[in-house]
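Protein chains in written order, with UniProt numbering: chain A, 1 to 213; chain B, 1 to 213; chain C, 1 to 213; chain D, 1 to 213; chain E, 1 to 213; chain F, 1 to 213.
Think of the hints as simulated: they come from the structure by calculation, not from any bench. Hints may contain errors.
In the PhoX-like style, the derived pairs of lysine-lysine whose C-alpha atoms are separated by at most 25 Å in a straight line are [what the hints assert, rightly or not]:
1. K131/D with K95/D
2. K31/A with K199/B
3. K31/E with K199/F
4. K131/E with K95/E
5. K31/F with K199/A
6. K199/B with K31/E
7. K131/E with K199/B
8. K156/B with K131/B
9. K95/E with K200/B
10. K199/C with K156/B
11. K95/E with K156/E
12. K200/E with K200/B
13. K134/A with K199/E
14. K199/F with K199/A
15. K95/C with K31/C
16. K134/C with K156/C
17. K200/C with K134/D
18. K131/A with K156/A
19. K156/D with K134/D
20. K31/D with K31/A
21. K31/E with K131/B
22. K199/C with K131/D
Beta-carbon label-pair distances, calculated as ranges [unchecked claim]:
23. T46/C with S55/A: 46 to 52 Å
24. T46/C with T132/D: 44 to 50 Å
25. S55/E with D194/B: 27 to 33 Å
26. A135/B with V49/C: 14 to 20 Å
Residues on chain A that point at chain B, a partial pick, calculated with CB under 7 Å [to be verified]:
27. C26
28. G83
29. S181
30. E185
Ideal Cβ positions, reconstructed from N, Cα and C, are used throughout, including at glycine.
6 protein chains.
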Amino acid sequence: MKKITQSLFLFTILSCTSNAAVNDFCVADLKGPDSPSGYQCKPPNTVTVDDFVFSGLVAGNTTNTFNAALTSAFVTDFPGLNGLGVSAARLDIAKGGSIPMHTHPAATELLIVVEGQITAGFMTPSAVYSKTLKAGDVMVFPQGQLHFQVNSGNGKATAFLAFSSANPGAQLLDLLLFGNSLPSELIAQTTFLDVEQVKKLKARFGGRGIDYS
Amino acid sequence: MKKITQSLFLFTILSCTSNAAVNDFCVADLKGPDSPSGYQCKPPNTVTVDDFVFSGLVAGNTTNTFNAALTSAFVTDFPGLNGLGVSAARLDIAKGGSIPMHTHPAATELLIVVEGQITAGFMTPSAVYSKTLKAGDVMVFPQGQLHFQVNSGNGKATAFLAFSSANPGAQLLDLLLFGNSLPSELIAQTTFLDVEQVKKLKARFGGRGIDYS
Amino acid sequence: MKKITQSLFLFTILSCTSNAAVNDFCVADLKGPDSPSGYQCKPPNTVTVDDFVFSGLVAGNTTNTFNAALTSAFVTDFPGLNGLGVSAARLDIAKGGSIPMHTHPAATELLIVVEGQITAGFMTPSAVYSKTLKAGDVMVFPQGQLHFQVNSGNGKATAFLAFSSANPGAQLLDLLLFGNSLPSELIAQTTFLDVEQVKKLKARFGGRGIDYS
Amino acid sequence: MKKITQSLFLFTILSCTSNAAVNDFCVADLKGPDSPSGYQCKPPNTVTVDDFVFSGLVAGNTTNTFNAALTSAFVTDFPGLNGLGVSAARLDIAKGGSIPMHTHPAATELLIVVEGQITAGFMTPSAVYSKTLKAGDVMVFPQGQLHFQVNSGNGKATAFLAFSSANPGAQLLDLLLFGNSLPSELIAQTTFLDVEQVKKLKARFGGRGIDYS
Amino acid sequence: MKKITQSLFLFTILSCTSNAAVNDFCVADLKGPDSPSGYQCKPPNTVTVDDFVFSGLVAGNTTNTFNAALTSAFVTDFPGLNGLGVSAARLDIAKGGSIPMHTHPAATELLIVVEGQITAGFMTPSAVYSKTLKAGDVMVFPQGQLHFQVNSGNGKATAFLAFSSANPGAQLLDLLLFGNSLPSELIAQTTFLDVEQVKKLKARFGGRGIDYS
Amino acid sequence: MKKITQSLFLFTILSCTSNAAVNDFCVADLKGPDSPSGYQCKPPNTVTVDDFVFSGLVAGNTTNTFNAALTSAFVTDFPGLNGLGVSAARLDIAKGGSIPMHTHPAATELLIVVEGQITAGFMTPSAVYSKTLKAGDVMVFPQGQLHFQVNSGNGKATAFLAFSSANPGAQLLDLLLFGNSLPSELIAQTTFLDVEQVKKLKARFGGRGIDYS
């Protein structure tokens with residue numbers, strides 16, 4: 001009897017809580033459209049713990065031209081991150097490898113070194129902030145700053161990355177300049193690189209030199 | 001004649017104003033999906049004054065186990081709040097009743113006492129901020145803090161609540177710990193409560209003790 | 001013995017919690033400067049429950065030209081609101097009185113009617129959203145919209161207001177147009193009011209007509 | 001061979017970059033619904049440079065009752081602005097013309113004078129901030145403040161405007177008060193204007209006086 | 001000669017860049033006051049790479065009552081995080097240990113398991129989201145949700161944490177309820193725990209039961 | 001008599017409005033420290049119209065190595081912008097000149113062409129968004145994207161810029177890579193440029209190649 005009254009009361013509370021559930025988290029419906037604040041929310045009753053768990057933040061394959069691999073746990077991999085302003089990745093760099101100059105246009109990066117030695121840094125027009133990091137060191141790269149990570153040790157290096165966005169972009173400078181159809185002369189004019197250097201890197205990064213009008 | 005020129009001019013202004021209307025407010029289309037920033041906007045030409053008005057923020061029924069009632073005016077009750085970062089509720093607590101320990105995970109609460117006497121407070125690990133409030137007193141509970149409200153007077157107590165979110169969650173601690181399927185042993189391990197105490201409250205709040213693996 | 005170990009452990013947790021205290025709330029040091037995000041924080045160890053409680057949200061004196069009074073509980077009255085994006089006020093309107101046309105440039109307003117009858121509304125260039133409200137009705141006025149509240153009943157009217165800012169501005173249209181030194185001719189030119197009307201209201205609201213160059 | 005390995009690597013990077021593309025910008029799908037954070041994003045593979053370019057921020061027709069024209073480049077004109085918090089407009093004011101008192105409820109305006117002389121200002125209840133501006137002068141009108149721009153020179157005046165919103169509203173005070181169906185008596189009561197003045201301006205701005213209940 | 005002209009030009013660019021430096025990052029002056037947006041910025045010319053690097057995110061001492069340790073890299077440890085909305089920590093849990101029920105009132109937590117087995121979860125009033133995680137698994141705990149982490153394996157467990165705040169609070173439920181001066185009767189009334197249970201845990205967590213008025 | 005009552009009433013309203021003044025705008029005290037949300041506010045009673053007006057957004061001197069000049073109206077030039085999220089600049093590019101590749105790490109840029117012909121664009125790893133613009137064209141460069149502007153016409157080119165920040169950074173790629181003390185070998189390793197090319201540009205942009213450890 002009393003039990004029934006209570007259940008009714010709990011139902012009242014739960015009804016305002018189920019609104020809350022929509023609001024306290026918003027698991028991405030990745031089949032729907034994105035928006036400036038993120039993806040639409042899945043209906044709360046379809047959310048499961050697996051929306052909040054990502055498996056596979058493990059060593060990537062570093063047998064490539066950079067001897068490095070980036071494994072991501074972003075909202076498109078992991079819908080529970082939607083709207084929460086944080087994501088993660090794992091960085092593996094073989095001996096002699098590096099993550100070349102790149103930016104995250106809309107996210108700050110935190111680098112947590114767990115194994116090996118990484119020399120990392122970012123630059124402003126007036127200064128370089130660069131340091132050689134070991135296991136247990138953490139470095140922050142503020143949003144939009146051009147930065148790099150080099151394995152400067154004698155073995156492999158491993159790090160975890162955290163980002164201040166559920167869906168950080170990663171833009172390699174070489175791909176921005178040399179990986180697309182920007183004309184070689186225009187690149188040379190706006191970077192002061194020699195045209196020969198530009199063409200050499202376009203050949204490496206797959207860019208096609210075309211004219212524009 | 002001049003009237004026509006003017007109308008054309010006004011039309012020009014209105015055309016940029018109708019864009020504004022989409023932006024200056026965004027009434028929720030509650031039949032559509034939610035997103036991290038709120039619901040989609042209803043077409044501006046379908047918006048009426050009733051989207052901006054909620055009726056029924058009146059005394060709730062307090063004949064329940066807590067001798068208290070929370071009546072909400074959140075975005076799901078009141079689509080004009082969408083995207084505006086504010087909502088309201090009414091709190092009625094009968095003599096001897098209380099709103100037990102709870103949190104609003106993503107909203108600050110403002111408590112405006114209008115009748116009776118309420119002892120309210122929130123805690124940090126190092127301090128308690130608790131006070132006995134009378135009509136005309138206002139207390140703020142910062143976002144995410146565990147807090148409570150007790151009718152400490154000789155009659156009923158009434159208050160209005162404002163929240164810094166259009167859709168604040170309300171999570172009663174007893175429902176979080178004892179109202180769901182979290183195993184009793186795990187609750188005991190992570191709260192240091194005695195298992196008997198946990199089982200007693202699970203029986204009261206409807207939780208079913210199951211094993212996990 | 002065990003107790004000591006535990007205390008050390010608690011100290012560790014508390015040390016990270018005391019950081020949290022700085023962050024989970026930031027009580028305004030009203031003697032210090034303001035900033036775009038609010039006032040500087042008082043040192044956490046000087047914060048008391050009275051920083052989170054405001055007393056005196058009671059009936060204001062309505063014996064004035066508008067037969068109305070606004071009593072505020074904003075951050076400058078109530079330092080615990082600092083940085084939390086919400087504040088409150090009480091509105092008392094005697095029979096026949098009103099709060100004339102006004103805006104809150106950077107805050108949404110929620111009006112909770114508790115006694116009497118209030119006709120309230122806001123306008124866009126293409127529509128009026130106006131309604132007559134009774135006790136238990138709530139109306140929202142989106143940020144920056146020109147709005148009004150009139151006591152349209154036979155007795156006094158009382159309401160509580162919540163704002164989506166810790167420090168909302170309140171700008172009465174008559175004071176903006178007629179309460180300052182804006183030249184009458186310029187007001188007339190930019191409002192299409194007759195100069196005589198402008199001068200009549202400047203006399204009422206204390207504005208001094210001066211020339212500009 | 002090595003080329004293939006590299007392509008695979010680039011593909012890996014690009015896959016996380018294509019997520020980024022969704023996030024680093026979100027071009028509006030103007031056929032879809034709006035939300036508090038803006039429109040849904042077009043699929044990245046359908047985005048072209050024309051989404052990021054608006055053509056036609058040129059002189060508007062000033063042969064109207066205000067001798068002025070506002071030409072806008074807002075998100076509804078220019079989908080690449082979606083979610084980026086900035087937009088532009090061009091202002092042309094013929095000799096003797098003006099942009100009457102108006103507000104942008106949710107945007108700050110920056111006025112860049114390029115030709116002629118403009119007297120512009122905004123008011124608070126306690127002060128007027130007004131100045132006569134020439135080419136090369138820039139003035140800022142903080143969000144939600146009532147402001148005006150008058151051509152106070154001997155020829156035409158031209159300015160560019162920037163707004164802190166992709167979709168700023170523009171609300172002319174005369175249209176808010178006199179352009180809609182707000183009853184004349186209510187306008188008079190809430191502005192202290194004479195009813196005759198109200199009716200005269202309703203006739204000019206097209207408002208229809210009706211009763212309310 | 002040409003060099004000089006160029007230097008002058010670079011100086012012009014640098015002057016606007018040095019403004020940028022203030023804005024692109026704002027390294028905390030931890031000796032100054034905090035604010036709702038974070039600490040004041042150190043003068044850019046006093047910033048060094050060490051402001052962006054934290055050393056010591058290593059295994060904490062788990063010989064305590066919880067057999068667990070949390071090592072933090074928050075803004076108060078690491079001033080370069082100021083204003084960037086992200087921070088990190090390391091979690092070490094010995095066999096049989098756990099991080100008991102706790103909340104971060106204003107931050108989302110990301111848990112990256114690097115060694116061992118951790119059973120973690122959070123609850124809403126209507127659901128439990130709990131899972132047993134292994135190395136390479138990542139779980140997200142949305143802002144303000146009550147959650148726990150238990151070492152459910154046969155050896156020690158290690159994880160890195162990322163937070164969506166530069167200064168996340170960490171509030172252990174037992175310290176909130178039992179570690180301070182909240183009266184036992186009030187705790188019992190607002191949690192439905194038996195008074196004996198409350199007193200037993202107050203004795204363990206150091207709370208002093210006092211009366212209030 | 002009635003006048004006095006009214007003045008008292010106006011005083012009441014003004015008192016809450018003067019709070020608003022602190023909040024509706026916050027003019028920078030440029031002698032004080034900056035914070036993540038901007039500078040401290042000047043006392044409202046010391047604010048004048050000149051805080052809201054910047055003079056001198058005029059043609060800059062283009063006789064330099066880039067044949068271009070950027071004239072800024074940022075918060076450090078113009079304290080009224082503080083906290084308002086918008087700023088402006090003027091761009092002058094002589095025939096044959098350009099603004100080389102650069103980023104604004106924390107601001108979106110809007111380019112309004114007023115004279116001449118400018119070829120502008122930004123790149124992602126997978127696409128180039130580039131177009132030749134004429135007077136009346138507006139182009140948006142989303143936050144943090146690498147972009148360029150080239151005078152591709154037969155005469156000088158002039159444009160106004162608006163930014164979604166009161167204090168946008170401007171980082172020229174050549175200064176980031178070649179203008180500071182980053183070692184040539186490290187630049188070569190992280191950009192794939194030839195070391196000779198790096199040294200040639202360091203000589204031009206003033207960078208000093210040093211070793212690091």
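Each hint tested on the structure:
{"no.": "1", "hint": "K131/D with K95/D", "result": "holds (18 Å)"}
{"no.": "2", "hint": "K31/A with K199/B", "result": "violated (42 Å)"}
{"no.": "3", "hint": "K31/E with K199/F", "result": "violated (42 Å)"}
{"no.": "4", "hint": "K131/E with K95/E", "result": "holds (18 Å)"}
{"no.": "5", "hint": "K31/F with K199/A", "result": "violated (49 Å)"}
{"no.": "6", "hint": "K199/B with K31/E", "result": "violated (49 Å)"}
{"no.": "7", "hint": "K131/E with K199/B", "result": "holds (22 Å)"}
{"no.": "8", "hint": "K156/B with K131/B", "result": "holds (18 Å)"}
{"no.": "9", "hint": "K95/E with K200/B", "result": "violated (29 Å)"}
{"no.": "10", "hint": "K199/C with K156/B", "result": "violated (53 Å)"}
{"no.": "11", "hint": "K95/E with K156/E", "result": "holds (5 Å)"}
{"no.": "12", "hint": "K200/E with K200/B", "result": "holds (17 Å)"}
{"no.": "13", "hint": "K134/A with K199/E", "result": "violated (47 Å)"}
{"no.": "14", "hint": "K199/F with K199/A", "result": "holds (19 Å)"}
{"no.": "15", "hint": "K95/C with K31/C", "result": "violated (40 Å)"}
{"no.": "16", "hint": "K134/C with K156/C", "result": "holds (12 Å)"}
{"no.": "17", "hint": "K200/C with K134/D", "result": "violated (33 Å)"}
{"no.": "18", "hint": "K131/A with K156/A", "result": "holds (18 Å)"}
{"no.": "19", "hint": "K156/D with K134/D", "result": "holds (12 Å)"}
{"no.": "20", "hint": "K31/D with K31/A", "result": "holds (18 Å)"}
{"no.": "21", "hint": "K31/E with K131/B", "result": "violated (32 Å)"}
{"no.": "22", "hint": "K199/C with K131/D", "result": "holds (22 Å)"}
{"no.": "23", "hint": "T46/C with S55/A: 46 to 52 Å", "result": "holds (47 Å)"}
{"no.": "24", "hint": "T46/C with T132/D: 44 to 50 Å", "result": "holds (49 Å)"}
{"no.": "25", "hint": "S55/E with D194/B: 27 to 33 Å", "result": "violated (43 Å)"}
{"no.": "26", "hint": "A135/B with V49/C: 14 to 20 Å", "result": "holds (18 Å)"}
{"no.": "27", "hint": "C26", "result": "holds (5 Å)"}
{"no.": "28", "hint": "G83", "result": "holds (3 Å)"}
{"no.": "29", "hint": "S181", "result": "violated (34 Å)"}
{"no.": "30", "hint": "E185", "result": "violated (41 Å)"}
Of the numbered hints given earlier, the model fails hints 2, 3, 5, 6, 9, 10, 13, 15, 17, 21, 25, 29, 30; all others are met.
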